[in-house]
Structures are given as structure tokens and as C-alpha cells.
Amino acid sequence: MALHQVQFVAVTFDDGSVGIMQFILDPNLPPGVSIPGYDPATKLREATDAAIQYEINKSVWTPRTPVSFRRITELELAPLDRAYRNAWTDSGGALAHDLPKARALHRNKMRAARTPLLATLDADYLQADERGDTTAKTSIATQKQQLRDVTADPAIDAAATIAQLKAVWPAVLGPNGTRVSSG
Amino acid sequence: MADTKISALADVVTLALGDEFAINDVSAAASKKCTATEIQTLLAPPTSDTVAGVIEVAIQSEQETGTDVVRAVTPGRQHFHLSACKCFGFTTGGGTPVLHANSYNMTSITDTATGRLTVTIATDFSSANWIGVLTCGCATNANRMTSTVTKAAGSVILEASSAATTLADPGTGWDWAFFGDL
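Just so you know, the sequences run in chain order F and U.
Per the numbering used here, the very first residue in the first sequence carries number 1; after that it's consecutive.
Per the numbering used here, the very first residue in the second sequence carries number 1; after that it's consecutive.
Worth double-checking, as some hints may not be accurate.
[Claimed, not checked] Derived contacts from chain F toward chain U, CB cut-off under 8 Å, selection only: (1) I20; (2) K43; (3) T62.
[What the hints assert, rightly or not] Some chain F residues well away from chain U (every beta-carbon gap over 12 Å; in silico): (4) Q5; (5) M21; (6) A41; (7) P63; (8) A94; (9) T120; (10) Y125; (11) S139; (12) K144; (13) Q145; (14) P154; (15) T161; (16) I162; (17) K166.
It is worth saying that the hints were derived from the structure and are not from the lab.
Where a beta carbon is used, it is the ideal one built from N, C-alpha and C, also for glycine.
Okay, chain F solo, but in the shape it has when bound:
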């Protein structure tokens, strides 16, 4: 499958987040289109500063506002972890992860993972209660407390890299997936 020729552009927003624009260099356009940088004869478009700024100005970003942009290569995206997409930032001329945001995303992921586990344990607790099985109830209560405590693990705040952060995943939560919610 053929791909468009694109210029990757990192667009930084007022909240510190970054958008990754694919500025199309070989667009398929209707006849008579006139946009900055586009040559109808060659049907190619040049990613000039003016053309990129025009593209940014006409695009919708609500509720954020773009504050700057820079051209990047696709290779610059390689080190970024998609699971922490909403923590991506462009600082110092390099794409990176905003670790405080990444930690918040990681905690959300833990919460999402523990919600069904807590529901199951709640049901187990009720059954143990019906049986009068105090040993089981104590065990279940301990497991539930372990789940409640996972987001308070000091290793989360101590993590200095995404790899270290991802490693903070207590066994009580089960396997660590790769997706992090936007919350």
C-alpha cells in the first residue's frame, strides 16, 4: 500500500503537550486548489515555514492552542512509548516523555486494571461472609488493600524513565498491558 510523502512536524501546545503533524507533500487535490507551498503543475507541496504555519492556523485544536512548531523526522518518534502518548512533550529540541504526566497515566492504568479485580473480590467476600468463613474474609480484605495501595507505591514517583515506570506493576494487578487510558 502506497503512503503519502509527508513532512513530520512537532506542534507544541500551550499546555506543554505535543501534536505530531503529518504535512502531506503529495496531496490528491480537486482542480483549482491554491494553498501555500502547492504547485499545481507538479502536484507537490513544499513544507515551507509559511505553508506549515498556514496548516497549523487553519487546523482545529480545541481546547489547546499551538505555540510553536519544528520539523522532525519519523525516527524521532521511535523512542516514544505510545502507551504514554498523552505524556509526550517537545522540550529542548527533542521529543520526550513528561514524567509527572506519565506517572499520572500509569496510576490511571493501575486503577483501570484493579477495578474488575476489586469487583471480583467483593463478590468473593460476600460469599465468604455467607459461609461465615472468616479466614477467607481476612485474606480477601488483605488482597483488596493491596490493590488499593498500588497507586501509592513510592517506586512510581521514584521512576526516572518510562522503562522504570512500566516496571512498577505489582503482581496483584495481573499482567501489564500496553495501553494507557487518556484519563
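For this one, chain F is given, so just place chain U on it according to the hints.
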């Protein structure tokens, strides 16, 4: 008209529809005259559903109105009809989208967050009152709900959500097609 050899006549500068020609009416075995209009009507009559002939090309406004049945649509103007797709595109990849060349009237896409994509159009709609048809490819048991957000004449934000109504990346890519008045 004087009885003159044709070779002795001057060339006509511009043939007018009212100009006359001498003809031999075979059925009547007589010399007669006719006008350029009559010859045009004979050789290339106005076309209709039952007559082959000359047809006028529809202009943009006629294509947009969409009611004319005696003018022809040309490739460069067919997209002005209200029913024609004005913009489409698709990506693959469950994470950072990969934009395929099989797109139309697109100038950029921007991945701005998990489950969120800004799409920007080359030729804008006449207003923000256009229709977006949107879906995304999903892995088994990982369906997504999709929506358009902050629709403008020349750009729109696409969003995909998981069943938990949390923004989530498409499983295998985005697909969109937009309709409306340019």
C-alpha cells in the same frame, strides 16, 4: 447571389448561424438553400435521452444545484454535486497513525493525543455544516465509538473511545469520508 465559381469567392471570416448554403435537394431534384443553423441541427442536434448529439458542459453552480438533466458533468466538476464525497482518508496502525496515499482533498493529519486526530482539508466546505462519516478498525473485542469534535469548514477533530467512554486509539486505524457543500 451572383452566379460565380466557388474558387473565385472570398473566404468567410466567421461563419454565422444565419449564413446560407446552396444545396442540391435530392428528393426534390432541385437546387435549394439552407442556413448554418439547419446544417448544425442536422449533423449535431441538441442531445436528449433519445437523441445523440451536442451537449453543453455543466458549470459548478449547475452541478451544485443538481437538477439539470441536459448538461454533461466533467471530471473536474463532478465533486461539486452535493452527493459527492468531498474528502476522505484512512490510516493504519493502532498507535501513531500511518497515512495512506489513497486520500482525497487532505492536507494534513495530526496525532494530538490518545484516541484523537486532527484532520485538515485542502478545499474548505462552505460552512461547518457538513457531514462526517467516521469509523475505525478494531481488534476483536476492542470496539471503538467514534465522533467528530469541533467541526470547522476546513478542519475537524476525530475522536475514538473505548466502551468505557475513555479516549482510546483505534485498534488498526482511522477511516473517514466527508460530505457537504464546498
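Classify the label on T120/F as holds or violated, using whether its beta-carbon is more than 12 Å from each beta-carbon of chain U.
holds (17 Å)
Minimum Cβ distance from A94/F to chain U greater than 12 Å, as the annotation requires
Holds: least Cβ distance 17 Å, greater than 12 Å.
Classify the hint on T62/F as holds or violated, based on whether any CB of chain U lies nearer than 8 Å to its CB.
It holds, given that the least Cβ distance between T62/F and chain U is near 4 Å, below 8 Å.
Using Cβ atoms and 12 Å as the threshold, tell me whether P63/F really stays out of contact range of chain U.
At roughly 9 Å from the nearest Cβ of chain U, P63/F sits no farther out than 12 Å, so the non-interface label is violated.
Beyond 12 Å from each Cβ of chain U, as asserted for K144/F:
K144/F is indeed farther than 12 Å from all Cβ atoms of chain U, at 21 Å.
Taking 12 Å as the cut and beta carbons as the points, is T161/F off the interface with chain U?
At roughly 19 Å from the nearest Cβ of chain U, T161/F sits farther out than 12 Å, so the non-interface label holds.
For the hint on K43/F, just tell me whether its beta-carbon gets within less than 8 Å of chain U.
violated (12 Å)
Given I20/F was flagged as interface, is its beta-carbon under 8 Å from a beta-carbon of chain U?
holds (5 Å)
Would you assess whether A41/F, listed as outside the interface, keeps its beta-carbon beyond 12 Å of every beta-carbon in chain U?
Given that every Cβ of chain U is farther than 12 Å from that of A41/F, nearest at about 16 Å, it holds.
Please check whether the beta-carbon of Q145/F is more than 12 Å away from every beta-carbon in chain U.
With a cut-off of 12 Å, Q145/F remains clear of chain U, as the shortest Cβ separation is near 25 Å.
So Y125/F supposedly isn't at the interface. Is its beta-carbon more than 12 Å from every beta-carbon in chain U?
The assertion about Y125/F holds, with a minimum of 24 Å to chain U.
Classify the label on S139/F as holds or violated, using whether its beta-carbon is more than 12 Å from each beta-carbon of chain U.
Correct as stated: the minimum Cβ-Cβ distance to chain U is 29 Å, above 12 Å.
The earlier numbered hints that this structure contradicts are 2, 4, 5 and 7.
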